[in-house]
Amino acid sequence: MSESQNYDIPKILDQMRADYWQSLETAELTEQVEQTDYMVVAFGQQRLGLPAATCREVLKLPRIVKVPRLPRHLPGIINLRGEIVAVTDLRPLLQLAAGEPTAAFRLVVIADGTQKTALLVERVEGLRAVAERTVEALAEGVSHEAVDLFRGKVEDAAGLLMLLDTKRLLARPELVIDQKGTANTLAE
Amino acid sequence: MNKNKYVEIFAREAEEHLQLMRQGLLAMEKGGASGEQFNQLLRSAHTLKGSARMVDLLELSTVAHHMEDLLKELQGGGRELSPAVVDLLLVATDAIEALLAQASAGGTLSVNVAPIIEALRAGALPEQTIESAATNAAHPGVERRRSVRASVERLDQLTNCMGEILLSRQALAERQRQLLTLIPVMDSFLVQLHRTENHQRMKELRSSFVRIVSDLEQDTVHLGYQAEDIYQRAMELRLLPLATITEDFERSLRDLARTLGKELDFTVTGKEVELDRTVLDLIKPMLLHVLNNAVDHGIETPETRLHAGKPSFGRVHLSAQYEGAFIQIVVSDDGQGIDPAKVRGAAVKRGLLSADEAARLSDEAALYLVLQPGFSTREFITDVSGRGVGLDVVKTNLDQVKGNLTLSSKIGQGTEMRLRVPSSLAMFTGLLVEADGETYVIPQQYIVEILRLAPTEVRTELGREVVRLRERTIPLVSLAGLLSGASRSIEDELPEGRVSVVVLNFRDQLLGCLVDRAIGLHDVVVKGLGSQLKSLDYISGATLLGAGTPALIVSVADLYGARQTSEGTRLREAHAARQASAKRGRVLVVDDSITTRTMEKNILETHGYDVTIAVSGFDALEKLSGNSFDLMVSDVEMPGMTGFELTKKVREREETRALPVIIVTSLASADDRRRGMEAGAQAYIVKGTFDQGVLLETVEALID
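As they're listed, the protein sequences go chains A and B. Residue numbers for the first sequence follow my numbering, so the first one is -7 and each next one is one higher. Residue numbers for the second sequence follow my numbering, so the first one is 11 and each next one is one higher.
FYI, nobody ran anything at the bench for these hints, they're computed from the structure. Every residue, glycine too, gets a C-beta built ideally from N, C-alpha and C. Any given hint could be a false lead.
Claimed, not checked - The calculated lysine-lysine pairs, modelled on DSS-like cross-linking and capped at a C-alpha distance of 30 Å, are:
no.	chain 1	residue 1	chain 2	residue 2
1	B	LYS658	B	LYS633
2	A	LYS172	B	LYS294
3	B	LYS352	B	LYS320
4	B	LYS544	A	LYS159
5	B	LYS352	B	LYS294
6	B	LYS659	A	LYS52
7	B	LYS611	B	LYS658
8	B	LYS320	B	LYS213
9	B	LYS544	A	LYS108
10	B	LYS420	A	LYS58
11	B	LYS59	B	LYS40
12	A	LYS145	A	LYS58
13	A	LYS145	A	LYS159
14	A	LYS172	B	LYS544
15	A	LYS58	B	LYS40
16	A	LYS159	A	LYS52
17	B	LYS82	B	LYS281
18	B	LYS544	A	LYS58
19	A	LYS3	A	LYS108
20	B	LYS633	B	LYS611
21	B	LYS659	B	LYS697
22	A	LYS108	A	LYS159
23	A	LYS159	A	LYS58
24	B	LYS659	B	LYS633
Unchecked claim - Label pairs and their in silico Cβ distance ranges:
no.	chain 1	residue 1	chain 2	residue 2	range
25	A	ASP170	B	ARG22	31 to 41 Å
26	B	LEU190	A	VAL127	54 to 64 Å
27	A	LEU53	B	ARG221	37 to 47 Å
28	B	ARG663	A	GLU166	52 to 62 Å
29	B	ASP229	A	ALA44	58 to 68 Å
30	B	ARG63	A	GLU166	52 to 62 Å
31	B	ARG185	A	GLU117	51 to 61 Å
32	A	ASP170	B	ARG221	38 to 48 Å
33	B	ARG261	A	GLU166	46 to 56 Å
34	B	ALA572	A	GLU166	40 to 50 Å
35	A	LEU88	B	GLN242	42 to 52 Å
36	A	ALA163	B	GLU374	26 to 36 Å
37	B	ALA351	A	GLU166	20 to 30 Å
38	B	GLN242	A	GLU166	35 to 45 Å
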C-alpha cells in the first residue's frame, strides 16, 4: 500500500500530457502530407491513375454503338441513364495495341466542367491515395506524343503508375468532333 | 381575347428582360458601360414598354418608358452615370417586377409608381421613401406565382428520367415473366411430394406465389400507364401556341406595307396550334422573312393591282394546322407571283448557274433558286428583303428544325409557300433501318415509300444507278457507303435477293437510299450527341431504342448534299458478280477456326464460288434453312455439335437430304473416315494432306 504512494503522480501526468501533444503533432504532420486520390486503371501492364475528383462512375461494358467517320480513339456512343455519352479509347492516343474490348473491360465516366466522356479501360484496380511529394516527372527526353497528358508518375508496390491529367485530356482537340463546324469555316 | 393568357406570356418575356437589365446595370456599375450594354438595356426597356402597352399594363409601360428615356440621356451624355443613377434604375426594375407579379396574380395594381416615375424624370433618387416603397412593392404579401420558368435542359433531364422509368418498367415485366417460368418447376416438384402435409404446404405456397405474380403484373401495368402519362406531360411542357410569335408580325408587316406604299390585309388562322418552344424560336425569323418577302416582292402597289383588276389591298395569309406530329404552315399571297424566267436570269447574272444549267431547269425547280444564298430578283436592293439573305435564312433554319418546304407560284396570281415542321424537336416518328450492322433512324416526314427492288430493276444513267418510279428517275445512294465514307466491297452492297430502298423526298427532290434492312416505324425521342460530338456529317442526333441502346438519326439534308459527290450504288455490278458465282455454285463452309474457314473461303471464292460461312453446327443449320446451297464443307471437331452430327441432321432434313457434304478434318484414322461416311458425307479430306487442289477438285466433282 505504502509503495503505491511513491508514484510521482504529477510527473506521470506531465509525461502523459507531453505524449498527448506529441501524438497530436505527429498526426498533424501526417495530415499535412498532401495527398490526391487516383482511380487506378490499366491496359495490360500499363497502369494509369485518373484523378478521382474527375471520375463519376465505373460501368460494366454496355453496348457501344459505333458512329461512322470517327477516328479510332472514339469507338462510339453509349446510353448513360438517358444521356448520350461518347466513349474514348486511350489506347490509340497512348500508342498501345488496341484489340476488340472483351466483356471484362470497363468504362470510367470522367467529367470536367461541361466535358464528359466514358474512358474505355481493360481493368479497374481501385482507388489509391498518392502523396504529392512522391510524384516524379516523366523521364526526360521521352518523345511520346501523349507525354503532355501526364502530370507525372509514381512507383508503388504494383509497379509504375502514370498519372493522367484529365483536364488536359478532355481539352485535347482530337477528343472533340465538330465536322460541320470545320466545314463551315472552310466554306467561308 | 383571353387577356390572362397574354399577360402570362408577357410575364415570361418580361422576366427575361428584367434579368438582362439587372445584369447590365450591375455590370455598368462595376466597370462603366460599353455601347453594346447600353443598347441591350435600351432594347429591354423599349420592349417592356411596348409589350406592356399591348397587354394593357399601362403603369408598367410608363415606368419602362421613363427608364428608356433616362438610359437614352445617359447614353447621349446628357446625364452622368453615377452609382445613384444605377440605384435608381435598379429600383425601377424592382418596381416593374412587382407590377408584373401583381398582374400575374390577377390582383388589382396597388403599387404606387408615381414617386419612381418622378425620380426617373429627375434622374436621381430624391428621398429614402422611394426605396422602401419599391422594396415593399417587390414583395407584396398576396403575390402568388401561377407559372414557373424551367430551362429546356431541365425539361430534358426530366424527360430523360422518365425515359429511364419506362425502361425499368420493361425490366419489371421481364422479371415477372421469369417468375412465371417457376410455376411449372413448382408443379413438377409438387408431384414428387408424397407426404400429404408437404404436398398441402407446397400447394399453398404455389397459390400465394401465383397471386403475387399476378398482382405484380397489375402493378407493372399501372406503373407503365402512369409513367407514360407523366412522360407525355413532360413533353407537353415544352409547347407554346403559335400566337406567341404571330402577334409581333401583325404590327411589323403593317409598318412595312406603309413604308412601301402598299395596302395590306394580313390574316392569321391557327394561332392556337402548339409547337415546341425551340421550334418556335427557329421558325420565327424564318416566317418573318417569308412574310416580309410576300409584302415586299409579292404584293404590288395599289395602282398596279387595280390595273390588273385586283383589289387595291394585297392579301397575305398565314395559316397553321396539325398534321399528325407535324405542323403545316402555309404563307400565301395574292401578289404578282414568282416568274421562273426572271429567276433563271437573275441566277445566271449572279453567277449561281451557267446559262446552260439554267435553261435545263424545269419551271418548278427554278422557283427553288430563290432559296439560294445571294439570290434576289430585284433590280435594286431594298433594306427589307432584297438583300438576298432572306430566304436563305429560311433554308438554314429549316435544316435545323428538320422541316420541309415547298414553293408554288402562278405569275400574276400569287405565291404559296408551305412549311412542314415537326411540332416538337424532341419527338418524331422515324423509320428504323439497318446499315453496316447498326440501326439508324430516318425521320418519317421525308419518306415517300420503301421499295423492294430486284437488282434487275436498277438502271444506269450517266454512270450512276437510278430507279424509275412513276415516271420519275430517282438516283440511288447507299446509306452504309455514305456513312462509312469508304467504298464497300461489292458483296456487302448486295444482300440476298431483293434490296430495300427508302425513297426520300426533300424539297420536292426524290432520292433512293439503299439500306440493308428496313425495320419499321417507331416514335423516337431526340437526344443530343453529348459534349464530345459537337456536329457530325450525315448525323443530326441520336435516340434510344426500346432496350435503351442508342441509335443515330440520319440527317436527310446532308444525304442530299452528298448525293452529287458520293459514288452512288453498285448494285448491278454486285448482281453481275453474284450471277457469275451462282453459276459455279453456292458453298456453305462450316468451321469454328477462323483461320481454316477464311482459307477455305478464299480458295473457293477465287475460283468463282459463292461462299457463306457458319461458325458452328447450329449456325450452319440455321443458314441452311433460309437459303439454298449446292454443297457444304464442314469441320468435325466443333463445340456443341460435331461435323458428324451436323451431317446426320442435314441428311435427316427433307430440304437438305441431297446436299453433298465434304468433311475436312485433322482426324485421320480409318475409324474416323468410316464414321464420316456413316453420317452421310460424300468426301473426306484430311487437313494434314490439305492442299487447295484436292479441295477444289472434290468440290467441282460433287457440284456437277
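Results for each hint:
1. B:LYS658 x B:LYS633: 16 Å, holds
2. A:LYS172 x B:LYS294: 24 Å, holds
3. B:LYS352 x B:LYS320: 22 Å, holds
4. B:LYS544 x A:LYS159: 18 Å, holds
5. B:LYS352 x B:LYS294: Holds: LYS352 of chain B and LYS294 of chain B sit about 29 Å apart, inside 30 Å.
6. B:LYS659 x A:LYS52: Cα-Cα ~39 Å, so violated.
7. B:LYS611 x B:LYS658: 23 Å, holds
8. B:LYS320 x B:LYS213: 89 Å, violated
9. B:LYS544 x A:LYS108: Measuring from Cα to Cα gives roughly 12 Å; hence the hint holds.
10. B:LYS420 x A:LYS58: 48 Å, violated
11. B:LYS59 x B:LYS40: Holds, at about 26 Å.
12. A:LYS145 x A:LYS58: Violated. LYS145 of chain A to LYS58 of chain A sits at ~33 Å, over the 30 Å cutoff.
13. A:LYS145 x A:LYS159: Holds: LYS145 of chain A and LYS159 of chain A sit about 17 Å apart, inside 30 Å.
14. A:LYS172 x B:LYS544: With a Cα-Cα distance of about 8 Å, the restraint between LYS172 of chain A and LYS544 of chain B holds, given a limit of 30 Å.
15. A:LYS58 x B:LYS40: 50 Å, violated
16. A:LYS159 x A:LYS52: 24 Å, holds
17. B:LYS82 x B:LYS281: Roughly 36 Å separates the two Cα atoms, so the pair is violated.
18. B:LYS544 x A:LYS58: Within the cut-off at roughly 16 Å; holds.
19. A:LYS3 x A:LYS108: Answer violated: LYS3 of chain A to LYS108 of chain A is near 62 Å, above 30 Å.
20. B:LYS633 x B:LYS611: 16 Å, holds
21. B:LYS659 x B:LYS697: 23 Å, holds
22. A:LYS108 x A:LYS159: 11 Å, holds
23. A:LYS159 x A:LYS58: 25 Å, holds
24. B:LYS659 x B:LYS633: Holds - the C-alpha atoms of LYS633 of chain B and LYS659 of chain B are around 13 Å apart, at most 30 Å.
25. A:ASP170 x B:ARG22: 31 to 41 Å: 33 Å, holds
26. B:LEU190 x A:VAL127: 54 to 64 Å: 58 Å, holds
27. A:LEU53 x B:ARG221: 37 to 47 Å: Holds, since LEU53 of chain A and ARG221 of chain B (Cβ atoms, about 39 Å apart) stay within the stated range.
28. B:ARG663 x A:GLU166: 52 to 62 Å: 54 Å, holds
29. B:ASP229 x A:ALA44: 58 to 68 Å: 40 Å, violated
30. B:ARG63 x A:GLU166: 52 to 62 Å: 54 Å, holds
31. B:ARG185 x A:GLU117: 51 to 61 Å: 33 Å, violated
32. A:ASP170 x B:ARG221: 38 to 48 Å: Hint violated: Cβ distance 58 Å, outside 38 to 48 Å.
33. B:ARG261 x A:GLU166: 46 to 56 Å: 50 Å, holds
34. B:ALA572 x A:GLU166: 40 to 50 Å: 24 Å, violated
35. A:LEU88 x B:GLN242: 42 to 52 Å: 48 Å, holds
36. A:ALA163 x B:GLU374: 26 to 36 Å: Since ALA163 of chain A and GLU374 of chain B have Cβ atoms about 50 Å apart, the given range 26 to 36 Å is violated.
37. B:ALA351 x A:GLU166: 20 to 30 Å: Between ALA351 of chain B and GLU166 of chain A, where Cβ atoms are some 51 Å apart, the hint is violated.
38. B:GLN242 x A:GLU166: 35 to 45 Å: 41 Å, holds
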